[in-house]
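Now for the letters of each chain:
Protein chains: 2
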Amino acid sequence: MNAPFLNLTELPAALSGGLNALLGGRFSTSLPDREQHGRGESYHAMMPPQAVCRVQSTEEVAAIVRLCAEHRVPITPFGAGTSLEGHVTAPHGGICIDLGGMNRILTVRPEDLDVTIEPGVTRQQLNAFLRDQGLFFPVDPGAECTIGGMAATRASGTNAVRYGTMRENVISVTAVMADGTIVRTAGRARKSSAGYDLTRLLVGSEGTLGIITELTIRLYGIPEAVSAATCTFPDVASAVSTVVTAIQCGIPVARAEFLDGRTMKAINRHFKADFAETPTLFFEFHGTKAGVAEQAQQVEEIAKSLNGTNFQWASGQEELNRLWHVRHNVHYAVQGMRPGARVWGTDVCVPLSQLTELMRSTHADTQDASFYVTMVGHVGDGNFHVGLIIDPDNPAEMAEATAINDRLVKRAIALEGTATGEHGVGTGKRKFMLLEHGTGVGIMRTIKQALDPLGILNPGKVLPDD
Amino acid sequence: MNAPFLNLTELPAALSGGLNALLGGRFSTSLPDREQHGRGESYHAMMPPQAVCRVQSTEEVAAIVRLCAEHRVPITPFGAGTSLEGHVTAPHGGICIDLGGMNRILTVRPEDLDVTIEPGVTRQQLNAFLRDQGLFFPVDPGAECTIGGMAATRASGTNAVRYGTMRENVISVTAVMADGTIVRTAGRARKSSAGYDLTRLLVGSEGTLGIITELTIRLYGIPEAVSAATCTFPDVASAVSTVVTAIQCGIPVARAEFLDGRTMKAINRHFKADFAETPTLFFEFHGTKAGVAEQAQQVEEIAKSLNGTNFQWASGQEELNRLWHVRHNVHYAVQGMRPGARVWGTDVCVPLSQLTELMRSTHADTQDASFYVTMVGHVGDGNFHVGLIIDPDNPAEMAEATAINDRLVKRAIALEGTATGEHGVGTGKRKFMLLEHGTGVGIMRTIKQALDPLGILNPGKVLPDD
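From first to last, the protein sequence lines stand for chains A and B. By my numbering, the letter at position 416 of the first sequence is numbered 416, and the numbering carries on one by one without gaps. Each position in the second sequence, counted from 1, maps to that position plus 466 in my numbering.
These are computed hints drawn from the structure, not numbers from a lab. It should be emphasised that the depicted structure is a prediction, and the values quoted were computed from it without experimental measurement. Please note: incorrect hints may appear among the correct ones.
[Unchecked claim] Computed footprint of chain B on chain A; a stretch qualifies when at least three of its residues, placed anywhere within it, have a C-beta under 8 Å from a C-beta of chain B:
hint, region
1, 155-164
2, 182-196
[What the hints assert, rightly or not] Within a straight-line C-alpha distance of at most 25 Å, the following computed DSS-like cross-link-like pairs (lysine-lysine) qualify:
hint, chain 1, residue 1, chain 2, residue 2
3, B, K897, B, K876
4, A, K431, A, K410
5, B, K755, A, K304
6, A, K265, A, K304
7, B, K770, A, K289
8, B, K731, B, K755
9, B, K755, A, K289
10, B, K731, B, K770
11, A, K289, A, K304
Just so you know, even glycine gets a beta-carbon here, dropped at the ideal spot from N, CA and C.
Whenever a hint applies, use it, and build me the whole structure from the sequences.
Shown next, in the form of structure tokens:
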């Protein structure tokens, strides 16, 4: 799947001219623009595109794609640049299509519990807009990412155990395909058996099959009652077991987040807080008043039976908001433990029955690393992140981090898990695709080749080299 | 997408010889076998294959596919033959692969809430097996269909509003692709961002992209409390509005089924029952005891405000079972209204906000038809079925039924709905694919051509002719 074109160092003049004519001041070749669009938030090295196109409509994206197809020039889509696996880097050069400016909320339909938006709308922007109508969109990666980017990477977050991921919450997308064709993948019915599921083919394809330019997504009524609690544990295993047991008992927890002692320490520093620096769970319960109380009581009993102590309620909306603000910003808190460092966040996800032992042993394995290591998890899903706080310019640290991640991913895949629960493949996890998918990689390549025969859509991502 | 091979009238001798050597007595060319495999349960004319292969393993399916690829002979997969849209007919001839004998339940994992099964396992077989473990699989089309067939058609049923369809409940499949490659589409993690979603590409592809030979599906704990109720209404609109309002209020009803007066009449005859012959809702609530009582009370209030009367509880497990047995067998009850007739079941699904008016007007439009017409709906999803009780050999009735269905589907698509909520496309709904999907049909064709270049997998289904 090597790109069949030149690894560009400059754009063909005819292409630049065409893009300039189309976009005017929204076409940029300035170095700061290129560099700003050449990396995400993780350890991956910057690889800037030759130019940045700030787009305003589906038709504009289609026109750009047709021009790039004509010149066989790579295209890398860009939302907010919060990617953790190098999705927005341009390893083969070419142009970046920045969809961040397409951020209009087009139609909210409370009676259908859905909304149609442009891809640059961010999750906090959307939820702020919806709040007055008693509605919310639950999928919540930590970063203030765009919803288009979340769909492209099949993202999730803290609520997935109850509300699902982008896979379950995207109803339909409009996308521009590699030849400039505009497709709307589905209507707005909640279910359909009408042909191949193009929506879910594009969700998670990371801009390699098409560029998402509009989305219709599910909304939910803000629950009548929301309560949150924290609980501390003597060790990783007892904390994780508490959540696994609660899920296995069918308690519909909305959020069940694990944070290890080192993460709590980073949080205390970053937020000037005074949490106990020991394995901790953050819970949230959604439902009716009676339902929430019932759920919380059941979970508290499970926690106590597993040596949980200090089960504390978040009292009031302000404390609740603060709790989840802290959780959503763990990445930055942890990064703050070492100025100038980057966080390499691992992302395996395994069947629940395997989670406690994998997290326990991973925690033990990484405590002697030469750099700070943290661990957090959306443990209700079987998904957790080891945070490796490294200097990406230090080859020894990079080698050590690579080895930790390799070991972890291989163990997760051996347990019928996945290399990536929610961050995506990008450039960072391509090397595990064959191990995880076997003959499936050949099928993915066939699909990629059929839908993007020139290989211009986000080359160097998702699929390993032949 | 016309098949590039002969429309077979007999199999090549070398292929017959090879299949006979492979399968022995499980390879059959007898006319009763061929006819039994040549039609489903609906109005579509029988089109028998030239031979039937009763398979026992994935490897056997792969060997058959390789032989058929060599001879360019079409393959039609077959589960229980309960298809409603001609999926199991063989319009281009060829062989039928009958997966009904692959019906082993391989591994139940209560701690992961999943199970791995062969595709011929039926939903009632599975639930009978699981009951002792306190688990169940919720997706429940009316018929005693195979779970492989349900995955292939992206089926759903009465529980989808709460538990989702096959789209949400298949974790991974093993499939044989058109060249005989065996692929397992995913591990068992509850979520993954690792590459293209091959699971959901195969779910709903109706055997045209690959043949499903094993599935891992989600299970749920049997709820602590289950209660059911019926309620009657003066007209279609008030009944449907009751459900729409309940869903919009976020009440997590497990089942909300609409049945019109004529359906109730058919039920009374078939089951010797004495339901009121007026628009009726069947509800089911799942949860804790307190939660179920709370939900039911809220729904009863909504129903009363919309002129619902006679809100009655199913008391005890026996009455509850009888209620859903009646619902699941509506197809046969309705068919019984006219001996020798077939039921043409329409299957549109629309956004909830459009449902009440579409059902009201459709009900009004069809009451003067020259044959008996019924209406039932999984109204919490926006999905309903008009039952046209026709003689498929009567051209005037077929023309009348075709016109009713055409009008209904076109209106549903205009309302951003779909031609088929859960029955699939088969041969019956191909003609609506372009209207529903526009440029998406071209993308589907590209994928089909790439993954099945010889066109041997279930030709004549899903995609319209070029």
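Practice problem: Given the hint that K289/A pairs with K304/A, test it: the Cα-Cα distance must not exceed 25 Å. | Solution: The given pair, whose Cα atoms are some 23 Å apart, holds under the 25 Å limit.
Quiz item: Is K731/B close enough to K755/B, meaning Cα to Cα at most 25 Å?
Solution: Roughly 33 Å between the alpha carbons, so the hint for K731/B and K755/B is violated.
Quiz item: Residue count check for the region 182-196 of chain A against chain B: does it reach three with CB-CB under 8 Å?
Solution: holds (count 15)
Quiz item: Are there three or more residues in the region 155-164 of chain A whose C-beta lies closer than 8 Å to some C-beta of chain B?
Solution: Our answer is that it holds, as 4 residues pass the Cβ test (under 8 Å) against chain B, meeting three.
Practice problem: For the pair supplied as a hint, K431/A and K410/A, confirm whether the alpha-carbon distance does not exceed 25 Å. | Solution: holds (11 Å)
Quiz prompt | Pair hint K755/B and K304/A, alpha-carbon separation not exceeding 25 Å | solution = holds (24 Å)
Self-check item: Hint consistency between K731/B and K770/B [alpha-carbon to alpha-carbon, up to 25 Å]
Solution: At roughly 23 Å apart (the allowed maximum being 25 Å), K770/B and K731/B satisfy the hint.
Quiz item: Is the Cα-Cα distance between K897/B and K876/B 25 Å or less?
Solution: Holds: K897/B and K876/B sit about 11 Å apart, inside 25 Å.
Quiz item: For the pair supplied as a hint, K770/B and K289/A, is the alpha-carbon distance within the 25 Å limit?
Solution: holds (24 Å)
Exercise. Decide if the proposed pair is consistent with the structure: K755/B and K289/A, CA atoms, cutoff 25 Å inclusive.
Key: holds (14 Å)
Practice problem: Measure nothing beyond the straight line between the CA atoms of K265/A and K304/A; if it is 25 Å or shorter, mark the hint as holding. | Solution: holds (23 Å)
Of the numbered hints given earlier, the model fails hint 8 alone.
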